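Student: Following the hints, put chain B in place on chain A, whose structure we already have.
Protein chains: 2
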Amino acid sequence: MSEVWRQENSPTLGAEKSILLQQNVRRPWPKTRKNVTGCLGFVKRHLFRVGDDWYFLFILGVLMALISFALDFTVVKLLKAHRWLFEQLEDSNLLQYISWTVYPIAMTTFSTGFSQCVSPQSGGSGIPELKTILTGVLLEEYLTMKNLGAKVVGLTCSLAAGSTIFLGKVGPFVHISSMIATYLGRIRTTVTRDYENKNKQYEMLVAAAAVGVASCFGAPISGVLFSVEVMSSHFAVRNYWRGFFAATCGAFVFRLLAVFNSEQETIIALFKTKFKVDFPFDLPETFIFIVLGIICGLLSCVYLCCQRWLVGYIRRNAFILKLVAAEKAVYSGLVTLLLASITFPGSLGQFMACRLTMKELLSSLFDHRSWGVLSQNATLDIQARVDPDNLWIEWCHPSFTFFGTLLFFLFMKFWMLILATTMPMPAGYFMPVLIYGAVIGRLVGEVVAVIFPNGIKSEGVLNPIIPGGYALAGAAAFSGAVTHTLSTALLVFELTGQMAHFLPVLLAVLVANAIAQKFQPSFYDGTIIVKKLPYLPKIRSVDIGSYNVTVEEFMNTNIMCLDKSFNYTDILRLVTSRSDAVYPVVENSESMVLVGSVQRNEVVKFLQAQREEKCRKEQLQLKEGDINLWEKCHIDPVTFQLSPSTSLHQAHKLFDLLVLQHMFVSSAGKVVGFVSRNELKKVIEDLTNGRSPVKM
Amino acid sequence: MSEVWRQENSPTLGAEKSILLQQNVRRPWPKTRKNVTGCLGFVKRHLFRVGDDWYFLFILGVLMALISFALDFTVVKLLKAHRWLFEQLEDSNLLQYISWTVYPIAMTTFSTGFSQCVSPQSGGSGIPELKTILTGVLLEEYLTMKNLGAKVVGLTCSLAAGSTIFLGKVGPFVHISSMIATYLGRIRTTVTRDYENKNKQYEMLVAAAAVGVASCFGAPISGVLFSVEVMSSHFAVRNYWRGFFAATCGAFVFRLLAVFNSEQETIIALFKTKFKVDFPFDLPETFIFIVLGIICGLLSCVYLCCQRWLVGYIRRNAFILKLVAAEKAVYSGLVTLLLASITFPGSLGQFMACRLTMKELLSSLFDHRSWGVLSQNATLDIQARVDPDNLWIEWCHPSFTFFGTLLFFLFMKFWMLILATTMPMPAGYFMPVLIYGAVIGRLVGEVVAVIFPNGIKSEGVLNPIIPGGYALAGAAAFSGAVTHTLSTALLVFELTGQMAHFLPVLLAVLVANAIAQKFQPSFYDGTIIVKKLPYLPKIRSVDIGSYNVTVEEFMNTNIMCLDKSFNYTDILRLVTSRSDAVYPVVENSESMVLVGSVQRNEVVKFLQAQREEKCRKEQLQLKEGDINLWEKCHIDPVTFQLSPSTSLHQAHKLFDLLVLQHMFVSSAGKVVGFVSRNELKKVIEDLTNGRSPVKM
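Chains as they are written, first to last, in this note's numbering: chain A, 5 to 700; chain B, 5 to 700.
One or more hints might be untrue.
Same chains, same label: a pair holds when it works inside one copy or across any pair of copies.
Pairs of lysine-lysine, DSBU-like flavour, derived with a Cα cap of 30 Å [to be verified]:
no., residue 1, residue 2
1, LYS522, LYS204
2, LYS35, LYS522
3, LYS276, LYS621
4, LYS276, LYS522
5, LYS461, LYS278
Don't read these hints as lab results, they were simulated from the structure. Predicted model, so just to flag it, every value in this text is computed and none were measured.
Bound-form chain A, shown alone (with noise of 0.2 Å):
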């Protein structure tokens, strides 16, 4: 050993010997060494591999942690900001009011001014937009990166509004994350070459909907959750591993920054809750919380019905839609002007706790203590400034009662929210829907305390009612009952970092959410109706006789098919007379046997090549050749075909299964007509509407 060290080290030896030394020099411990490398290797092959889908997806969860805390910053800053101006102007009301009015003007109209002007796709939440995009439909322009600059400024403009304007985060950010995973899937089809696999642009959009979700709340489970049930009818295990890394990685690095910034000690859930864990509720409660969930969902049912009248209303009155359309900026300019000259605190805002932010208005509904029992023992006056310990301050209107408020909160918000939805500026409904249900669930907690002031069973130990669990149960099921998913009940737990009510508040969503989808579809699917985007509304098995319903009864049988004799001139006159997206190939005219599909784009182009072939060989006068369609153009392989005898259900499953949007219909190996999701779409609403399906 030591001579190898002394040669290795020896400066007279020349170049050829050192390079035979470094091939055969006795290291030390050879077997080790080899070990070692070995393993090295091993986890440099299995780790380090470039364009795996485990770096992008840990990628984007960390840039929407950091996108979605840096935006957290500035509203918080922003938020600071305008209360500061607000309380320095104490002595003048008019001061204050014009304050307190202008600054989410301003606000407003810049976000809508902004996004409209740099990309009018920007508006809205997104969510439905994303969901028609994944059921195959292509909507390119918005998931571009101009799309990304308009949203996030847009966004933190709409949230600096404060609560005067009431509206959230999350929707924005679910399409922000998927913009970034379609820029994150580009730079990896650029990186590996891997052009072909358009499955994985699919299963990177799935994840992101889940870490947008998560980088929202700190929420991974949850995120994972809600993205499934918002997003999709069907869904990949594999994807919902994906979606439960990036989602984790996201929450964790969302939390992880707060603890650098010194808001928090450590990791702990966004809001803090000391529920008891011992006794949280008692058994009778549990009928309270199921009443809960029916109140909540009877008044869901209300809220979508309202609220798709009046952004019908918009699209049908004169004088709005003019307005809208010529200047959006100044339609959400008055609409806030309107907001908040009501929720001036001077005003009427002094009846509904205007003065807190969204998370304050949340923490002070989550509170474990019952402000019947703090009201009697604490001097309520109206505070010159927001006291953070004790939030619910706010909600004691001293002539006015919290039960006072909190009606009238309901009340007024419940239009607000509404007229504030119609605003067409990057904005998130979720998370005001959350705290709607929380003021439900609260006031229905405070009644139960008033009612049962030393609890239900009240023998021996006092377990007094906690409104603060109805306020969580309210919370899920009306946002649940909102947006058609149960996973709102977990998300409750996540962001309050304990499960005590965890069966009743299940039960309070499950309640809510039979009745709203019993009556009215979902705000995402709601929305994607009034917006006239494609989509296929789901079976309602029972009402209809749908079960009886078969391909043959609703099938488009006007098909015209490539033949493969078919020479220039045919082929011209086919797609001249018929703009079909995708044609039938079919061996000739007479058998009809399907042979294959080619897509129109493909046909057209091929045409247009031939022209110039015809004109260059016209020129050079050579003989035509033979036109071969079939040579040039790629024709797909059937894959898929539906049967006259396949029942609408089958049939609807698949094209919701496979992503499908067009399939023929072959009878005996023959075409005989086509489906696609149109026809689905009009079949299905014709059994909704009574009426018999009618072939096209």
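Tutor: Quick look at chain B alone, frame taken from chain A:
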């Protein structure tokens, strides 16, 4: 109105008049009455619909909760009896030994004997078989009522053997639940006369798996997620909602029964914990949680590998094979004798907390207090009886310390658990894995607590380490790695009713899963492989060049088609020469245009009917009529077909997604081959082993 009343009450009115009156009577508030009647009718129409799924899901949930509770109740009584007997024999070591060993031996031999006698399919956990059933393979004997009885009785006895044999109940419960679901499904079919809908059966089975887990632990959300992850590779959101509903009903009733039985004051989680919610863990501890995840992941690989090896060894070893084949009960008895002798508290058992039941083991491990601190302040004598308030004392051997017992437990239970899983009786393998993981976590946690007695940062406020949190993370990570699921993270939170540690636990589970999924098939997949049940392996796309493989390379071209022009003899020759389950039907043997497919048993039935017909006609000396297979047999239309250029990945996805058993391959309308699960499995195995695919 008064007149009406008088008339109605008058006895002199004739029957005719009374009928007339009933029709025309002027009742009070006709409009309100009509509305109320309308409402009631509406509720009746919408709620009380015979055969509605929700009722069956509800019944399923309640039934499973009742079974779970009754089983737990019986097992607790049996275990108490055993403990009482053991404690009564305090004076004689020998008698204690006999009582310690004979009781579990009696239980396991009875369990094995009874279950094997009634239904040999009732052994083991049942999850692997259910997983196979959900891929579309018919294993009917696994879902019979006879099997249900054998499983329930056998499981009760297995569990009554206690922590000696260290087995649980999750797997059998999933199995029991699916058997009940099948039975309920049959009732539903009878009631609604909806014989067609095979989908419902599948949907009920998926929900049943969720109910099984939920009613074991009272954990509905993780029950649903666990069943989704374990059971299938794709799931419909619709089924997820059904699962949620049924699982919530099951979990709620299960916890409700505990309250009615005065075990608890109100509905709370199964394992109470008192973790510090304000500061559950310090930021640097996250790294230790990740290290714990790595340890659990690696150990799970070793465990899975050894487990598969032992099961394989037993199937090869001539002596054991003979013993198991002849006398399964004797084999169980011998194994139990060995295990019970080792765990006898007078011998090695004192070093592995063997006096605790499974539930007590988990409770003691989730304790929020540090055993290091506790053992300093207490006298650690070996107690005659188990102290239910200080279960941790069982772990603290006076001379061996708790580090020794934890390590010894890990070492011994490792092979004892693997040995126990070879006993052919109904028992679950999830709970022991969960406990084993908790022990790993606890050990790591206690070590960390010793190294950092005042917490890691220890500036100002003391935030001591909570070893219970590590136990939680270890349990989730190890059980998650063994079963390849992430939902165990949620399960431990639902078990303990809090989620203070949710991010570090998720990280640990993710890391452990990444390692385990990389190197080993899951426990259930491993069992499927060892038991040689049909299954479709996953494609590990990165290692092998699977993206370039097309159907052409591995399809089975040895195909025989039924021609429309075939006569009786031709068909008979075909059917006798080949025993495919499905035959393709072509237009004629030259064109080979695929028209449809026909089941073998349909053809056989047809041939039998034809022969009888023929005999009858010959007897009557009638002219032989034309044989028409096409009118008498049901020819299934071809909905899915592959093209030779379809990629392996896409074909695999279709088989997986659509639960298919076979698909025909057609090129330009002509059938050229077929692919079944066998071909797919073979090509994937070939690729994994580095062989190039061979056409069959």
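Student: The structure should be examined with respect to each hint, and the outcome stated for every one.
Tutor: Quick rundown of the hints versus the structure:
1. LYS522 to LYS204: Intra 35 Å, inter 20 Å, cutoff 30 Å: inter-copy only.
2. LYS35 to LYS522: Result: close only across copies, 26 Å inter versus 70 Å intra.
3. LYS276 to LYS621: So LYS276 and LYS621 fail the 30 Å test inside a copy (79 Å) and across (87 Å) alike.
4. LYS276 to LYS522: Result: close neither inside a copy nor across copies, 35 Å intra and 38 Å inter.
5. LYS461 to LYS278: both (22 Å within a copy, 25 Å between copies)
Violated hints for the displayed structure, listed by number in ascending order: 3 and 4.
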